[in-house]
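Chains A and B, in that order, are what the protein sequence lines are. Going left to right, the first sequence walks through residues 146 to 472 as this note's numbering numbers them. Going left to right, the second sequence walks through residues 22 to 432 as this note's numbering numbers them.
These are calculated hints, taken from the structure and not from any lab test. Please read these numbers as outputs of a predicted model, since none were measured by experiment. Hints are supplied without guarantee of correctness; some may be wrong.
[Said to hold, decoys possible] Distance windows between CB atoms, simulated: (1) A/Pro-167 to B/Pro-215: 37 to 45 angstroms; (2) B/Leu-236 to A/Trp-452: 40 to 48 angstroms; (3) B/Arg-273 to A/Thr-292: 49 to 57 angstroms; (4) B/Ala-334 to A/Ser-270: 53 to 61 angstroms.
[Stated by the list, open to error] Facing chain B, according to a computed beta carbon distance under 10 angstroms, are these residues of chain A, among others: (5) Met-221; (6) Gly-313; (7) His-317.
Cβ coordinates follow ideal geometry from the N, Cα and C atoms, glycine included.
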Amino acid sequence: MSRDPRAYRNLKELAREEFVLPGTALCAGCGGLEALRLVAKVLGDRVVYVNAAGCFTMLAVFPYTPFRGSWLYTTMASAPAGAQGIRDALDVLVARGRLGPDEDVEVVVVAGDGATYDMGLSATSGAVWRGLDFWYLCYDNESYGNTGVQMSSATPYAARTETTPVTGRTPHGMDRRRKDLFEIWRAHRPGYLATVSPRYPLDLARKVEKAKSVRGPKLFLAAAPCPTGWEFDPATTFHVARLQVETGLFPLKEAAADGPVTHTYVPRARRPVEEYLRAQGRFRHLFEPARQEAVIARIQADVDAYWARAGGSESAAPRGAGTEEPR
Amino acid sequence: MTAPPAMLTGNAAAAWGARLADVDYVPAFPITPQTEIVEQLARWSAAGEIAARVVTLDSEHSMLTAAGAAAATGARVFTATSSQGLLYGLELLYTVAGWRVPLVLVNVSRGVASPITLEPDHDDVLAARDAGWLQIHAETCQEVVDSVLLAYRVAEDPRVRLPAIVNLDGFTLSFTREPVELPAAAVAAAYLGPYAPRHTAIRAGRPMAQGVAVLGGAAYSYFRYQMHLAAENALAVHEEAAAAFAGLTGRRYGLVDGYRLEDAELVLVMSNSFATKGRAAVDRARVDGVPLGLLRLRVLRPFPRDAIRRALAGRQAVAVLDQNLSVGAGGITVTEIAHALYAEPARPRLLAYVGGLGGKEIGEAEFRRIVHDLRTAAATGEVPAPRLLFTEAEAAQVGALLRLAGKAAAS
């Protein structure tokens, strides 16, 4: 059942019904879980989630599941191939009359950035290239979180993780920029792709609703502020999520198969990245014991350069257009 | 009921097995010497001769994930691989067995790297022996097609519900044409029935969490033990399925296969296509008056301990010829056979050989040596240390290669 994406004008338009029930073993304040909860509010319960190893694997622990739909845990590297097998099997069973079309479900991969950016890239590339009719939700907490926060290729420059430690010889922690997964995905020309943030639920809901009418790969990269790994108070997840977008570090955008990238929310005046960095323990070394001006400046310059490009060749929505105002 | 024999390669026979099983889905990935199987199925699917959807994945790891997920959704699934491909997908062999999905995989045996090679031994398929899949090893092209049908029948039985591997040797069987009687489609359909699993499904209105994590050793052990007990059930289920198959086709398959065993005092134990060479060695020995017989291992998992014990107890000496090598331990099946025989009061002398690696020939001279060792063991009780078969001619051949490579000749 799909509705006009423009119907999501305020939070009251979101389903009150919950499709991912509370009480799981995930950390308090998990931004990724909130993104999943919001996506599920739009998708409903005619869904099978196909999971890759990561934090979300702890959602369904025998004999419990928080989902009102189905769930299949696969492996770390091959959840999109699991989606392929399920989608193909459903299609064949419907075609051969062994399954009623009313019993069909949407197939949704849920995977973290470690599985998505690194090990699962081959399986994802294959599924998207084949035009598989499926959803992909990557909860991007910018590290291997479930194993205790080690660097992934989604870890941002200058973040401290357990495997990018801050030492006298490595004062900045992570020494390279994160992979641009959105552009890697986009090069495959999926039916639809978007970034979303749990702090911007209407933007998120509109995108999921819009994607419902697309047959083919529907890829979502969700910001997933992580109190445990990023080191902030779980009560402030939405504050960090908001700064991640308002500094311009996590642009909210979308694109269809051959269309341009559209920014669905453009911060009116981008906040300095320093506000975002200071809110998290993983960047504390940039300010204590001595301020690392060059590192902070490089992060700011990267953001400025991104938005300079975005205002040029790629189209941008009118400033602040059609989105919820930050609290 | 049955068409006249066709001349089919082992690979074609495997593809016919999938066709006769009326499979729904074939996730695929090419690898020598298996590739012809998925090529044939892709042609049939494209032409509309079979209902199955054939999809080429990005790797065997993905292929086996798709296979398991489709089977968990409720489709009858067939797939095939070899060697490096089986190893690349090894994580999934364990994973999908735990999903209790009865799909069938044909493995076309090929030695594993390094050094990389093409011809057969069983290090690939035996690497999967602990993964929770049933394993049937075929000697002939006829046995390949029949074993695929048998494998579905056993795997899908509610007492089993485990995936199955049917193994055939690359090159020696995969590319060799033999006369094969194909069961009529209606016979195969009646034998297997429709696949409609009750225990696994992905449906709107019937939500099910599958492959979920467990915390704690008790729950983990419970599910692992369940798999083991189900695999052991497959011994009896196989006998029922084989009897029903014999009723339809006249071809009877046991857990193990004996040749001239009735009065044999000495026994060779082999598996797969090289067992045909063993049969010839038995015939030559019999001409010389040596009471030799052959036991062919056919169902490797579940391990048919009782059938092996019954076949070998009371013999004077048994030589196990492993076409595999557990580096640092030796042959793999000989240790399992020793376990089967250990409690037997009349247990035979047990001799261990490794041969046929990477398709290396096992010639008459080597069989003569094994028969000599068996007779010595029977007469004197002396059992030689485990032997790695390698002839002087082969040593000379490799010596020439080493000299070309600028290395010292083999010692």
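Outcome of the hint check:
1. For A/Pro-167 and B/Pro-215, the Cβ-Cβ distance of about 41 angstroms falls inside the hinted range of 37 to 45 angstroms, so the restraint holds.
2. For the pair B/Leu-236 and A/Trp-452, the supplied restraint of 40 to 48 angstroms holds, since their beta-carbon distance comes to about 45 angstroms.
3. Taking the beta carbon of each, B/Arg-273 and A/Thr-292 are about 53 angstroms apart, inside 49 to 57 angstroms as hinted.
4. Between B/Ala-334 and A/Ser-270 the CB atoms are about 56 angstroms apart, so this pair conforms to the stated range of 53 to 61 angstroms.
5. Because the closest C-beta pair between A/Met-221 and chain B is about 9 angstroms apart, less than 10 angstroms, the hint holds.
6. Evaluation of the A/Gly-313 hint against chain B yields a violated restraint, the C-beta minimum of about 40 angstroms exceeding 10 angstroms.
7. This hint is violated: A/His-317 has a C-beta 35 angstroms from the nearest C-beta of chain B, more than the 10 angstroms allowed.
Of the numbered hints stated above, those contradicted by the structure are hints 6 and 7, listed in ascending order.
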